[in-house]
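Residue numbers (numbering that gives the first Met the number 0), protein chains in the order written: chain A, 0 to 641; chain B, 0 to 641.
What the hints contain is simulated information worked out from the structure, not anything from laboratory work.
Any given hint could turn out to be false.
You can't tell identical chains apart in this list, so a pair holds if it fits in one copy or across any two.
Restricting the straight-line Cα-Cα distance to at most 27 Å, the calculated cross-link-like pairs of lysine-lysine (DSSO-like) are [said to hold, decoys possible]:
hint, residue 1, residue 2
1, 631, 297
2, 619, 372
3, 640, 614
4, 537, 640
5, 559, 640
6, 640, 573
7, 631, 238
8, 614, 537
9, 530, 640
10, 617, 640
11, 537, 631
12, 559, 573
13, 21, 6
14, 428, 238
15, 537, 559
2 protein chains.
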Amino acid sequence: MKALKTKTLNLKDIEITDEFWKGRIDLAKDIIIPYQWDALNDQIPDAAPSHAIKNFEIAAGLSDGEFKGMVFQDSDVAKWLEAASYSLIYHPDKELEQTIDEVIELIGKAQQDDGYLNTYFTVKEPEKRWADISHGHELYCAGHMIEAAVAYYNATGKKSLIDIVCRYVDYIMTIIGPEQGKIQTYPGHPEIELALVRLYEVTQEQRYFELSRYFVEERGNQPSVFLEEETLGLGHQDKWFGLDYHQAHQPLNEQTTAEGHAVRAVYLYAGIADIVKYTQNKKWKIQLEKLWENVTQKRMYITGGIGSQGHGERFTLDYDLPNNVAYAETCASIGLVFWAQRMLQIEAKNDYADVLEKALYNGVLSGMSLDGKKYFYVNPLEVAPELTDYRHDHVHVESERVGWFGCACCPPNVARLLTSLGNYIYTQKSDTIYHHLYIGNKTNFTINKQNIVLQQKTTYPATGEVRITCFTENEVQMTLKLRKPKWSNSPSLKVNGELQEVVIDNGGYITMERKWRDNDTICLTFDMTPKVISSHPKVRENVGKVAIQRGPIVYCLEEKDNGGQLHSICINPKLPITEENDLQILGFPALTGSGVREVNDNDTLYREYREPELKQIKWKAIPYSFWGNRGKGEMAVWLRKI
Amino acid sequence: MKALKTKTLNLKDIEITDEFWKGRIDLAKDIIIPYQWDALNDQIPDAAPSHAIKNFEIAAGLSDGEFKGMVFQDSDVAKWLEAASYSLIYHPDKELEQTIDEVIELIGKAQQDDGYLNTYFTVKEPEKRWADISHGHELYCAGHMIEAAVAYYNATGKKSLIDIVCRYVDYIMTIIGPEQGKIQTYPGHPEIELALVRLYEVTQEQRYFELSRYFVEERGNQPSVFLEEETLGLGHQDKWFGLDYHQAHQPLNEQTTAEGHAVRAVYLYAGIADIVKYTQNKKWKIQLEKLWENVTQKRMYITGGIGSQGHGERFTLDYDLPNNVAYAETCASIGLVFWAQRMLQIEAKNDYADVLEKALYNGVLSGMSLDGKKYFYVNPLEVAPELTDYRHDHVHVESERVGWFGCACCPPNVARLLTSLGNYIYTQKSDTIYHHLYIGNKTNFTINKQNIVLQQKTTYPATGEVRITCFTENEVQMTLKLRKPKWSNSPSLKVNGELQEVVIDNGGYITMERKWRDNDTICLTFDMTPKVISSHPKVRENVGKVAIQRGPIVYCLEEKDNGGQLHSICINPKLPITEENDLQILGFPALTGSGVREVNDNDTLYREYREPELKQIKWKAIPYSFWGNRGKGEMAVWLRKI
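All chains, please: the whole structure from these sequences, using the hints.
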């Protein structure tokens with residue numbers, strides 16, 4: 000196998016210093032991780048008990064009782080372990096580390112003699128091991144446990160959980176695989192694909208990589224193995240939970256449109272990208288590009304949300320992007336971030352980083368309240384609480400964030416993303432550093448065996464200025480590639496105060512190849528003028544409407560600022576939009592602009608048309624991801640235009 | 000009880016001569032009634048067997064086997080009997096009459112010794128008689144059988160079925176009623192209320208009227224009796240099937256908004272109106288007016304469709320009228336016609352007749368294909384087949400009419416309405432004749448013991464001219480009240496060629512009080528200029544949109560005439576609309592007008608806004624109820640305006 004050319008940095012080398020993100024990450028550390036630990040131990044007074052730790056105790060023979068929770072309840076423990084491990088990197092915490100060690104010891108005890116590790120099938124249905132791979136989530140839970148093991152190893156150097164998951168995977172390889180006598184199958188919920196590549200990365204055991212490749216290459220071969228399973232659960236009961244729900248409707252290498260459950264889909268695509276990273280397989284790369292094009296140019300909300308139907312939590316059809324009944328699961332946007340990150344490792348294109356950034360700042364952050372204590376599972380782009388709370392076809396949408404979920408996949412997913420955010424800022428390819436995300440940080444690089452530190456000071460995207468300073472003992476020949484987002488027309492670039500010609504490569508990166516000296520300082524300034532955005536005319540729900548975007552930040556109107564009946568408001572796209580810096584939220588300006596509101600002058604339901612009476616108004620917009628933090632009310636991203 | 004002042008004419012006295020309606024009625028006679036007879040006897044090759052006649056044979060002890068079909072399968076037989084009876088009035092048919100007699104004989108044999116008559120509970124769950132009144136449909140089926148009995152008696156003078164239903168109702172009155180020892184309850188699905196009044200009308204047995212009044216007055220008293228039932232079926236499993244689904248959430252006399260299942264609601268309101276007709280109860284009358292206002296000014300589609308959610312087939316919230324996921328069941332519009340008819344019997348107001356006419360021409364007729372062979376259960380106002388056929392939240396909507404339904408309530412309901420259409424044209428109050436619907440007909444009246452015939456020749460509403468000629472041996476003092484629809488500004492009125500001053504009463508009826516002579520001819524001409532209609536600004540789905548209406552006929556655009564992506568079309572409401580009389584469908588002109596279509600110039604999903612490129616177009620609209628007769632394609636009633 001060829002050596003990987005592009006590398007992701009070690010999280011330990013990257014310190015996030017960004018005021019905004021540090022705040023979010025600290026929330027994960029201070030609020031989410033302790034809160035979820037309590038949740039996993041059923042210590043949250045008004046929440047449904049998780050039972051997740053208890054399940055491990057029962058499986059370990061340390062406690063009596065029955066398994067409780069979802070079939071994938073184990074994954075909550077795994078995701079918590081992963082997030083807590085990342086957190087340890089920046090915030091060493093002996094007590095937390097000891098807790099993790101104890102959980103790992105418990106997991107070890109719950110592991111069966113043959114290596115099997117899954118509390119649901121150990122405790123509740125031991126006779127059904129591997130009988131319901133399409134819906135049983137065994138491989139999914141294994142994947143999350145592997146990711147936790149890798150994270151804890153990277154954080155502490157301890158191999159305790161690595162050993163457990165290696166034993167488990169080695170056992171799995173005696174059951175599942177291409178060889179005769181084994182089950183030829185693939186995960187119902189992809190996740191282990193990318194996890195196995197991570198396990199390969201830390202163990203250098205080629206067999207783990209090969210198992211991942213097998214899952215990808217086996218996937219969707221017809222007739223699908225899932226059709227043969229007798230215990231299909233929800234499967235195939237209706238078309239929305241059919242084979243395409245699992246991306247198993249046709250051989251994966253023939254799939255060029257994103258189908259089915261959105262989280263499954265993007266986790267899978269991230270897994271394929273991991274395979275391509277190491278194999279440079281051109282066919283898979285071209286296919287990933289087609290899938291990327293399909294998702295981001297036909298099936299993605301402007302917020303980076305994906306999945307436009309609640310039933311099946313899934314992709315539907317090109318341009319079918321209803322705002323009020325969107326699914327746009329927080330986890331799906333997180334999965335899109337995972338996928339984009341891996342696409343950047345294959346090839347640095349600003350499009351990948353733009354989407355990553357858009358999903359991160361909008362579709363992911365909207366999943367968590369500003370105080371880090373409440374969550375959205377579903378992230379609609381339009382809410383009228385009376386309808387959202389009433390209509391049956393809105394039943395999957397909440398009009399307010401809630402404290403926790405029976406199916407609690409999203410909060411710990413936000414936590415593990417936030418606590419590992421450093422992984423998304425850079426990639427490096429020999430002496431070239433690709434700078435994807437502008438986030439205040441201080442990072443150690445090794446270029447031709449020399450150390451160099453890049454320190455970035457910025458409040459981007461609240462403001463447009465990014466300052467990057469090099470610290471190096473010796474002069475270093477290095478190419479810096481700074482992403483020019485597609486929305487930015489002409490950034491200005493200075494080095495040590497001197498204006499530079501902006502040279503942009505094919506991938507959309509500002510390229511600076513030179514010898515860098517200590518204290519060399521780059522000042523990159525983006526024009527953050529708010530823009531009015533329209534969508535493809537085939538998007539029925541957005542026709543005649545516009546959205547407001549400033550840099551990567553999508554804005555929305557809330558009832559709190561604009562009154563109710565937001566559909567009565569029309570924005571004037573020709574008049575300038577003003578940044579209200581005295582109305583900042585976490586550094587981000589509110590935006591105001593001109594528009595009109597239709598005045599209701601009588602109560603007749605249907606009447607002969609006459610020009611509506613219009614009142615001039617000034618509207619106020621706030622960043623979409625910050626909506627719903629000031630009580631219940633209407634919200635809309637897409638607004639009618641005059 | 001006071002005598003009823005306003006009377007509905009005897010169907011035998013009214014001959015429908017209208018070319019358009021005769022065609023529709025003949026379809027009912029020639030197609031629906033024979034087809035459904037075959038369906039009831041499981042003789043339709045590719046349709047799910049109805050089993051309805053077979054159920055009666057089993058209940059009668061004439062056949063072996065199990066009950067099959069819906070719990071309310073008996074009502075299909077009853078509605079067929081009712082429609083077939085009306086049909087006999089205009090088209091005597093010995094063979095059909097004999098068939099009906101045989102069915103009635105069979106029903107008589109299926110009736111139990113105690114008078115009970117319901118094949119489901121007789122054959123399948125005899126121990127559960129009256130145990131599930133909220134969902135068991137026993138009283139509903141009884142109601143339809145009563146209506147059939149009344150219709151057959153009116154058509155033939157035969158009392159065979161009247162005797163059966165009287166025995167049944169007399170038995171019911173031993174089980175249910177206000178007296179101690181009986182069940183204090185009311186129907187889960189209203190229908191028997193209005194049926195009992197019809198039974199009272201032909202039998203003059205006050206007790207039947209009183210039972211109806213009891214059902215109305217008992218309804219919704221809290222705690223609801225439905226909560227006590229153990230076998231609740233669907234009931235109370237979610238909020239959309241709760242007590243309000245049955246209009247049982249509060250005492251009926253406190254209900255002022257239309258809630259729950261739309262068909263249930265309007266059948267019930269029609270039943271209340273029947274009570275008011277005889278009791279002149281002012282409180283109930285005021286309440287009906289409030290309910291009418293709520294339904295028609297806050298919860299009704301422009302087509303006269305009601306029920307804006309598939310789940311629960313129900314009313315939702317004021318102004319919540321989504322076009323593509325509408326329910327707008329054909330039966331609900333028929334129920335609205337029933338209710339409006341009875342409101343007109345209480346008080347002649349053009350608003351009642353306008354809504355009746357609107358529902359009839361749009362929401363009801365849309366339920367049947369032009370050839371009478373295919374049906375819509377659900378009547379959406381916007382269809383894009385790819386979405387309608389795909390999305391889960393559109394699962395209740397069909398993008399094309401279908402041959403029959405497992406739950407076949409709508410087709411026979413259309414049939415019984417069409418074959419009794421004469422009942423909706425006039426009411427009479429001593430020497431005043433109220434003329435509600437302009438439909439070609441020839442009708443015998445008795446005014447002060449003198450016969451007078453009014454013959455109406457018209458192709459209204461295809462054209463605006465109505466000619467009414469009196470035929471009378473002697474001069475007759477009579478007041479003619481001709482409805483002036485609210486959409487008509489200034490009709491012209493001539494009598495014997497001489498222009499008359501148009502005098503309009505408080506109810507919106509053109510009033511002509513005079514001595515009428517043989518051959519006196521009224522010529523009433525309405526301006527049928529097509530109008531552009533807008534809806535209340537709180538209707539989110541219609542904001543910025545307009546509809547086209549000509550007289551009572553709502554128009555729509557179809558893909559067949561205008562290409563797909565109808566949401567890309569904007570209508571110019573300021574430019575005139577042209578009637579295309581060379582493009583008539585059943586006499587109705589197509590309409591054309593000017594507009595624009597947004598041209599798609601690139602494939603980017605989200606882009607910086609610029610003025611869209613617009614192509615001038617000429618759009619073509621056809622009557623809404625005629626849509627979907629030329630193959631599958633998009634349809635929209637509400638269109639964006641420039």
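* Pop the pair residue 631 and residue 238 into one bin, within, between, both or neither, using alpha-carbon distances up to 27 Å. => Between. Shortest inter-copy distance 21 Å satisfies the 27 Å Cα cut-off; intra-copy 35 Å does not.
* Classify it for me, residue 559 with residue 573: is the Cα-Cα distance of at most 27 Å met within a copy, between copies, both or neither? => within (25 Å within a copy, 36 Å between copies)
* Asked: For the identical chains here, do residue 537 and residue 640 meet the 27 Å Cα criterion within one copy, between copies, both, or neither?
  -> both (17 Å within a copy, 17 Å between copies)
* Intra- versus inter-subunit Cα pairing at 27 Å for residue 614 with residue 537 -> For residue 614 and residue 537, only the inter-copy Cα distance (16 Å) is at most 27 Å; the intra-copy one is 30 Å.
* If the cutoff is 27 Å on CA atoms, where do residue 631 and residue 297 land: within, between, both or neither? Let me know, please. => between (31 Å within a copy, 24 Å between copies)
* **Alpha-carbon proximity between residue 537 and residue 631, which holds within one copy, between copies, both or neither at 27 Å** => Only across copies: residue 537 and residue 631 sit 19 Å apart there, 31 Å inside one copy, limit 27 Å.
* To do: Up to 27 Å between alpha-carbons, please classify residue 428 paired with residue 238: within, between, both or neither.
  => Result: close neither inside a copy nor across copies, 45 Å intra and 58 Å inter.
* Alpha-carbon proximity between residue 619 and residue 372, which holds within one copy, between copies, both or neither at 27 Å -> within (26 Å within a copy, 54 Å between copies)
* Classify it for me, residue 559 with residue 640: is the Cα-Cα distance of at most 27 Å met within a copy, between copies, both or neither? => Within one copy only: 21 Å inside a chain, 29 Å across chains, cut-off 27 Å.
* **Identical-chain pair category, residue 537 with residue 559, by Cα at 27 Å** => between (31 Å within a copy, 18 Å between copies)
* Between copies, within a copy, both or neither: which fits residue 640 and residue 614 at Cα up to 27 Å? -> Classified as both; 14 Å inside a copy, 19 Å across copies.
* Classify it for me, residue 530 with residue 640: is the Cα-Cα distance of at most 27 Å met within a copy, between copies, both or neither? => both (14 Å within a copy, 25 Å between copies)
In summary, the structure is inconsistent with hint 14 from the numbered list given earlier, while agreeing with all the others.
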